[in-house]
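Q: Here is how the chains run, residue by residue.
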Amino acid sequence: MDGLVEEPALGEEGDSLAPSIHLPLLPRCFYHPVTVGRKKTEFQKTKEACLNYIQDALLQNQWQRAAEFMISYLEILESSTVSKRKTAPEAIWRIGTEILLHHSKSNIEELNYFTERMKNLGVKNYLKVCLEHIFYLLCNGLIDEAYQNLTLAEGWRYGEQTAAQNDELKLIQAYKGLLDYYNWSKKRKAMLELDEENFTDSSEQEMHNFFRQAAVNLKEIIKIPGVWDPFVVCYVDLLEFYGDYDEAREVLTEYAYNSKFPPNPNAHVYLYHFLKRQGESKKSLVSVLKILHKTVPSHELMLEFYTMLTKSKKRKKRRLGLEVIFEVLDFAGWKENVKAWSCLAEQIKQILENSNKHLDWVKEEWNSRKDWWPAFHFSHYLAKRNWQENEKLAYEKALLAGILLGKDCKYYKYVLHQGCKAKKKRFQTLKKFVKKHSSAYLRISACSDSSTHL
Amino acid sequence: MKDEILCCFWRCYLQKSKQAYCPRPVNDTPLELVVSDSATDVDSEPERVSPFDLSSFTESDIDLQTECSFGQISSVDRTSETMSVYSGSIDGSSYVLKRTKGNMRMSMPMTLSFCYMALLWLKEPVTLSDLLRFVAEGHIPYINAFQYFPEEIKLYGLDLKIFRVESWPEYEEVHNKMLELAAFLDLPRFPAITDSCFLHPDMLCIKYLMEANLPDELHSWTCRVVKKTGVGETNFLTLDAENESARKANYDILSVAIIIVVLKLLLLLNDQYEWVLSNFAEERNKKNKEGRLWFDFRKWYKVVKTCMDIEQKKLAEERARCLWKCETPLFYSAKQKAATLKKRQMILSLQRQFGALTDSPQVTEKQSPSSFQLTWDEENPDGSCFHGHSLEGFLQEKGNLHRPMNPEYWLCTVKLCNKKVCGHLAHYKEGDFSKSYQFILNLFSFLLRVDVSLIHEEVCLIEHKLFNARLHKKSKKQSKPKEVEIPKAPGNTG
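Note that the protein sequences, when read in sequence, are chains C and D.
Here the first sequence stands for residues 3 to 456, where the numbers follow our numbering.
Here the second sequence stands for residues 95 to 588, where the numbers follow our numbering.
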């Protein structure tokens with residue numbers, strides 16, 4: 003090494019504690035740095051360029067061009083670089099499938115042929131290829147072929163690979179279970195249509211076979227934490243048919259309440275429907291729906307929930323009911339729902355006629371909404387539209403507008419005017435009603451105003 | 095004709111590298127049999143009479159190689175029947191060992207070096223860049239050359255290192271190998287390259303001027319530069335292994351560099367002057383419709399650039415589409431054979447499947463190899479051919495000689511590098527030079543399929559030869575870097 007060592011002046015300034023810095027000059031071989039290393043062969047470079055062309059062609063939907071480049075890209079499977087050889091099969095499979103799915107000249111046989119080849123290409127991807135192929139067949143309605151493929155795939159074993167691809171195997175078993183259920187339900191439908199005399203033992207036996215296979219596989223997959231809605235539904239259907247309600251209940255409660263599973267509103271819906279079918283008590287039904295309300299306040303079952311709550315004798319439940327119905331109308335999907343509005347109107351009417359005992363409930367609910375509900379529900383434009391499209395809706399909303407926003411509300415005034423013009427009787431009653439309870443508006447809004455001044 | 099030359103070279107090489115034709119071959123001492131067998135085998139080879147045909151002459155070269163290794167293999171078979179057929183070449187392992195200095199080993203690029211040397215000896219009108227282009231276009235078997243071997247030869251195991259080609263041959267590599275080879279074989283001075291020879295810069299310049307769509311009148315200027323720099327001397331051009339200074343032989347790059355220097359002399363190429371000149375030319379061309387048009391740089395640039403863009407894109411796509419593997423695969427061991435064959439079959443069937451999806455027929459007729467890549471039609475009414483244009487726009491008369499109007503010149507580099515330190519005399523960094531210069535470099539680099547830095551290096555060399563006297567005079571006065579003013583045009587003196 004030609005390194006010369008210099009000591010800078012700093013070191014001499016007397017601070018003996020600071021270490022002196024040695025700056026070696028660059029040795030001669032560093033004067034002209036040149037990149038040396040494994041140069042990329044032309045083969046690799048051209049294959050990379052080829053891949054870029056294929057990607058461009060795929061993105062621009064030029065399937066013909068992609069197929070042309072694919073012919074030369076297939077050679078990557080014989081690349082001398084080990085890492086490229088390992089990743090090549092998956093790339094070839096995915097690109098090839100894309101092209102064959104979209105090319106105008108290709109059909110299902112081409113795709114089948116290609117997939118067979120892909121399965122033989124690399125053991126590591128075997129089950130994945132199978133699974134995707136099955137999805138494709140299912141999406142195109144080829145249920146029988148899908149079933150055949152599933153049966154073949156289910157029985158595949160390959161030493162260590164079986165354990166490595168366990169997830170795919172489980173999925174394959176699950177889908178096989180699903181198709182077994184499908185076959186079973188077909189059989190069941192066929193048997194229901196026949197007369198009892200024409201029942202053959204063999205067909206019934208077949209049906210039971212399907213049931214058993216389906217039950218085993220579906221049960222297995224539901225054990226794994228995840229979202230398995232269609233599987234759960236099918237499984238419960240099977241169990242109900244054969245009268246195993248306990249098992250069904252257990253499965254559904256597990257699915258809904260086990261914290262390992264991701265939160266899934268549908269789980270609660272399924273549980274609720276099941277319990278309803280079983281004729282469970284209102285209490286248990288309400289507890290199930292409470293959770294649903296927390297997660298999805300705008301669910302369609304909320305009206306049922308509300309009805310159950312208001313019928314209850316407990317004060318807490320009725321209070322909850324009011325909350326539920328207000329929350330439901332917070333969402334845009336319910337804006338035009340006459341039933342919901344009429345429920346709320348009914349409730350408010352009841353409260354007002356009931357000597358205003360629970361007016362503070364209304365005040366609480368209205369407090370968080372008074373800023374934005376007027377523009378959201380009670381604008382002038384909406385008044386016109388509602389009146390044109392749905393008079394009943396307009397009526398219910400007008401009632402609420404009159405109570406909550408007072409007589410001077412644009413919405414109320416417009417609808418009332420229109421209704422009186424059209425000489426509808428009930429609008430007269432509405433006018434009187436609102437007048438009568440105009441103080442309520444002041445109470446609702448005044449109290450909240452004073453609270454803000456604090 | 096050329097077979098004899100190649101044969102001579104090949105035998106000479108074998109002798110020099112002590113692989114055959116000598117009392118004790120380096121590789122296989124126990125098998126003395128080999129020497130005599132291979133000698134007799136090669137001597138008794140049947141006369142190969144193949145007419146000189148550009149597309150097939152390499153085949154004979156490869157066959158020559160294989161004759162020798164064939165001889166070696168067959169002798170092995172004779173001596174030990176227990177050895178299986180798949181033993182490959184017996185000296186395959188020695189190729190994998192680290193190269194010791196002075197030991198010249200065969201490789202695929204070397205075969206091209208051999209070819210080029212033979213061509214040079216015969217003074218054929220084929221430059222190295224043409225040769226490599228033919229290889230890249232597939233006219234000469236290179237990538238899967240073993241396809242053409244006779245049946246008996248089985249490539250196996252370590253032979254793969256040599257015969258499995260995954261890169262196109264590079265100009266520099268082949269060229270350097272050729273020079274090394276010439277020294278190694280102790281060849282005498284090559285046949286002289288004179289003015290009338292195709293490889294002389296005067297002749298080659300015509301070819302490249304035509305291809306780059308430049309006016310023919312530039313030719314007189316290139317001749318002047320050649321004369322001034324002494325580049326056209328026979329002693330300089332002819333390859334002579336013993337004489338250190340006469341070891342260049344890169345005629346194509348030389349001619350192209352001369353053209354670039356001439357363009358720099360006339361147009362300065364500093365991103366300003368040439369556009370000003372072209373403005374004048376354009377105005378003048380608009381006014382005078384008859385008579386010869388003046389050479390308009392801007393128009394030339396547009397025409398050539400669009401053409402080049404298309405060609406480059408086509409070339410890139412063709413490169414991406416080219417198939418590297420042939421029908422017979424190579425494999426390392428007998429165990430791999432079944433798996434490799436199976437894979438090959440599958441790939442072929444997949445290729446067929448995708449081929450069926452494409453409309454156009456896959457096999458387009460192979461065009462015969464031609465020297466010219468770009469042709470410009472003079473009859474074309476577009477006026478996209480500039481061959482006949484005159485250079486009046488940037489010349490002025492003085493006496494009966496023409497001088498360029500441009501009084502300035504800029505050197506690509508003031509000082510040349512030391513070859514021993516970094517391997518090259520000059521380095522090219524894109525951002526340092528004007529865009530026009532870069533464009534012209536790229537144009538010629540594309541035509542020759544050569545790296546830009548090689549051409550740039552040659553341009554620097556020529557400039558230094560041209561302005562030698564000036565540089566040495568100025569260096570004493572400490573001149574400004576990069577800008578050397580010349581009051582007189584170089585064509586006037588000498």
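Just so you know, these hints were derived from the structure itself, not from any lab.
Among the hints, erroneous ones may be present.
Below, a list of computed lysine-lysine pairs in the BS3-like style, where the Cα atoms sit at most 25 Å apart [as the list claims (entries may be wrong)]:
(1) C:K319 x C:K386
(2) D:K381 x C:K41
(3) C:K126 x D:K436
(4) C:K365 x C:K412
(5) D:K436 x C:K88
(6) C:K47 x D:K408
(7) C:K437 x C:K386
(8) C:K438 x C:K409
(9) C:K88 x D:K301
(10) C:K47 x D:K419
(11) C:K86 x D:K437
(12) C:K296 x C:K319
(13) C:K107 x C:K172
(14) D:K322 x C:K42
(15) D:K321 x D:K301
(16) D:K419 x C:K86
(17) C:K121 x D:K429
(18) C:K126 x D:K437
(19) C:K130 x D:K436
(20) C:K121 x D:K419
(21) C:K47 x D:K437
(22) C:K42 x D:K429
(23) C:K315 x C:K351
(24) D:K301 x C:K47
(25) D:K408 x D:K529
(26) D:K419 x D:K408
(27) D:K393 x D:K383
(28) C:K262 x C:K313
(29) D:K407 x C:K47
(30) D:K419 x C:K42
(31) D:K437 x C:K130
(32) C:K86 x D:K429
(33) C:K434 x C:K341
(34) D:K301 x C:K41
Chain D regions said to be covered by chain C (calculated; three or more residues, Cβ under 8 Å) [stated by the list, open to error]:
(35) 294-301
(36) 310-316
(37) 438-447
Fair warning: this is a prediction, and the values are worked out from it, not measured in the lab.
The C-beta atom is built at its ideal place from N, Cα and C for all residues, glycine as well.
Q: Taking only the CA atoms, is the gap from K42 of chain C to K429 of chain D under or equal to 25 Å?
A: 29 Å, violated
Q: Is K408 of chain D within 25 Å of K529 of chain D, Cα to Cα?
A: Cα-Cα ~23 Å, so holds.
Q: Please verify whether K47 of chain C and K419 of chain D have alpha carbons no more than 25 Å apart.
A: Within the cut-off at roughly 15 Å; holds.
Q: Could you grab the alpha-carbon distance between K47 of chain C and K437 of chain D and see if it respects the 25 Å cut-off?
A: 22 Å, holds
Q: Checking one constraint from the list: CA of K296 of chain C to CA of K319 of chain C, max 25 Å. Satisfied?
A: It holds: about 15 Å lies between the C-alpha atoms, which stays within 25 Å.
Q: Hey, K436 of chain D versus K88 of chain C, does the alpha-carbon distance stay inside 25 Å?
A: 17 Å, holds
Q: Do the alpha carbons of K437 of chain C and K386 of chain C lie within 25 Å of each other, as the hint requires?
A: 23 Å, holds
Q: Keeping to a limit of 25 Å between CA atoms, is the pair of K130 of chain C and K436 of chain D held or broken?
A: Answer holds: K130 of chain C to K436 of chain D is near 22 Å, not above 25 Å.
Q: Cut-off 8 Å, C-beta pairs, minimum 3 residues; does the coverage of the stretch 294-301 of chain D by chain C stand?
A: Our answer is that it is violated, as 0 residues pass the Cβ test (under 8 Å) against chain C, missing three.
Q: Taking only the CA atoms, is the gap from K419 of chain D to K86 of chain C under or equal to 25 Å?
A: 16 Å, holds
Q: Closer than 8 Å Cβ to Cβ for three or more residues is the test here. Does the stretch 438-447 of chain D pass it with chain C?
A: Our answer is that it holds, as 7 residues pass the Cβ test (under 8 Å) against chain C, meeting three.
Q: Compare the distance between the alpha carbons of K322 of chain D and K42 of chain C with 25 Å, and conclude whether the hinted pair is satisfied.
A: 42 Å, violated
The structure fails to meet hints 1, 2, 9, 13, 14, 22, 24, 28, 34, 35, 36 from the earlier list, while all remaining hints are met.
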